[in-house]
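Undergrad: Using the sequences plus the hints, can you model the full thing?
Keeping their order, the protein sequence lines are chains A and B.
The numbering of the first sequence is the numbering used here, which starts it at 17 and goes up by one.
The numbering of the second sequence is the numbering used here, which starts it at 1334 and goes up by one.
Simulated from the structure, these hints should not be mistaken for lab results.
Nothing false has been slipped in among the hints.
Chain B is faced by these chain A residues, among others (derived, beta-carbon under 8 Å):
no.	residue
1	L163
2	F255
3	L271
Here the structure is a predicted model, which means the values were calculated and not measured.
For glycine and all other residues, C-beta sits at the position ideal for the given N, C-alpha and C.
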Amino acid sequence: MSAEDTAATPETARPPHPLREFWFYFSENKGAVAGLIVVVTLVIVALGADVIAPHPPHEQYRDALLVPPVWQEGGQWKFLLGTDATGRDMLSRLIHGSRFSLMIGSIVVTLALSLGIALGLAAAFFHIVVSSVVMRLMDVILSVPSLLLALVVVAILGPGLINAMIAVSVVYLPHFVRLTRASAMAEMSKDYVTASRVSGAGLLRLMFVSVLPNCMPPLIVQATLGFSSAVLDAAALGFLGMGAQPPTPEWGTMLADAREFILRAWWVVTFPGLAILITVLAFNLMGDGLRDALDPKLKRS
Amino acid sequence: MLRFLLSRIGLLIPTFIGVTLIAFGFIRLIPGDPIEVLAGERGVSPERHAELMAQFGYDRPWWEQYAGFVGNVLQGDLGKSIVTKQPVLDEFLTLFPATIELALCAILFAIIIGLPVGVLAGVKRGSVFDHTVMGISLTGYSMPIFWWGLLLIIFFSGILQWTPVSGRISFLFFFEPVTGFMLIDSLLSGEKGAFKSAVSHLILPAVVLGTIPLAVIARQTRSAMLEVLSEDYVRTARAKGLPPSRVIGLHALRNALIPVVTVIGLQVGVLLAGAILTETIFAWPGVGKWLVDSIARRDYPSVQGGLLLIALVVMLVNLLVDLLYGVINPRIRHVR
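TA: Here is the structure:
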């Protein structure tokens, strides 16, 4: 805070900028800050993968199959985390894999969030028939265990990275629809919406300009948590052979490739899973911090 | 209570119709028509194709086909597997006990550890123990369980050689299944060492499958305890001079359990989704592995039937939890 701020009299003092207030609450949560740091690092690694990775992800070093990590006997400085069964550098593949995980998360969340907002607002604003049809449909999706539904969608569309992303988006859609509808219904009974309505605002304006911005905080939290679930489920699909196909360096797919070497070469199994765990954990930590900072009900005043 | 029961069952009907629509649509959404799907890679001649279309009624309008499908489902006819030619329902019922056994042991493991740990973390809020438990449970919650399973195999089966890698029981033992639950059957068989073998096969998969529920239950119990401990009646109980164990064990825990029961009920979906991965890793012969295998070998009638049956199981368990919730929390029963 500058001297000017502290010298200001109460009459002229303005409330802190929302972003500053947000950062104040967010930074109180140490775990959330740690999560944010990991996420930022991941984004940098993913963007600069071509520069950072010591080897190309698909380059096979035929004379260096299943080389252990550098600190173990037989390790080579050329391959810091060792190589896999076809002599590809683990570290480089992991670095390139971060691109897939972040892309999967972003696309799934964007798809589920935008469709979820549209359906949720429609369910809140339109006739009861629309609302019941949408909500019952979401109930149906929720009654099938997430991974099973994703598998079924992939069975229809065929295995592959893009289809896996569509499948996971379908699975997480109901969470966003329910959340949007619930917060929109809560907002709609408030005076400012009535005021906006009587002053002649059209339906679209009411939906997207008056109500939606006030529904965003829980949606942002859910989007962050949905991001981690999307990464996890897409990796699970990859592991089952229904997601990204080899030789794509997607972490789940790498794990599936590594399974047969499980008792011979621990590193080919350990590192891809660790990468998934760290990514998912970081987003979950960040989601918890966002909830603290954005949810007014839990905010400690 | 009867009205409550009926209204809950009434809510299930549209969901059930929706699930049958998805299962019905599933085979028709796969590229190629149902006969090509059923014939698999062998293919059929055009004449035979038309004949089969008529025989199975695929040339009729879709709503007639759907009505026929629902009629069959209600009579327990879910079609036959393309691969084994066995009725899908029979295959499912043969494998389902293995999944139930695994899921029950997993949730028991999660409750037995998660509940006391959550209570203790809530009571000792802010302590080192609390922070440790919350850290571990967030990690458990974020765990890719297929990797967790592989790690445990490396450690316990590979390095320590304590547990077997796959299956339900050692090949040395063979007996006719009575209940379908290996733990019970192995005891009934009276063979020496059979029960021990069954336990050693079960323990790792159960721990893997129970990990996420364990994290969820511990977190939920802790936050429910925190909420309850600040209530007036807890303060009253303390002021009366009741010993802390009684205040926590009786007054607080009983009310804190209400949201925990809901969360435990919600784990059914998590357990069944997790069973798909856990059974695949440990070659556990349950419905999860069967579904993955069925998808891989394009046995679509099995996938369709499995989808329907699992959704039904999830719906029924959720109904049961709803009813149980009404029993332990009388306030719910009288709403609406």
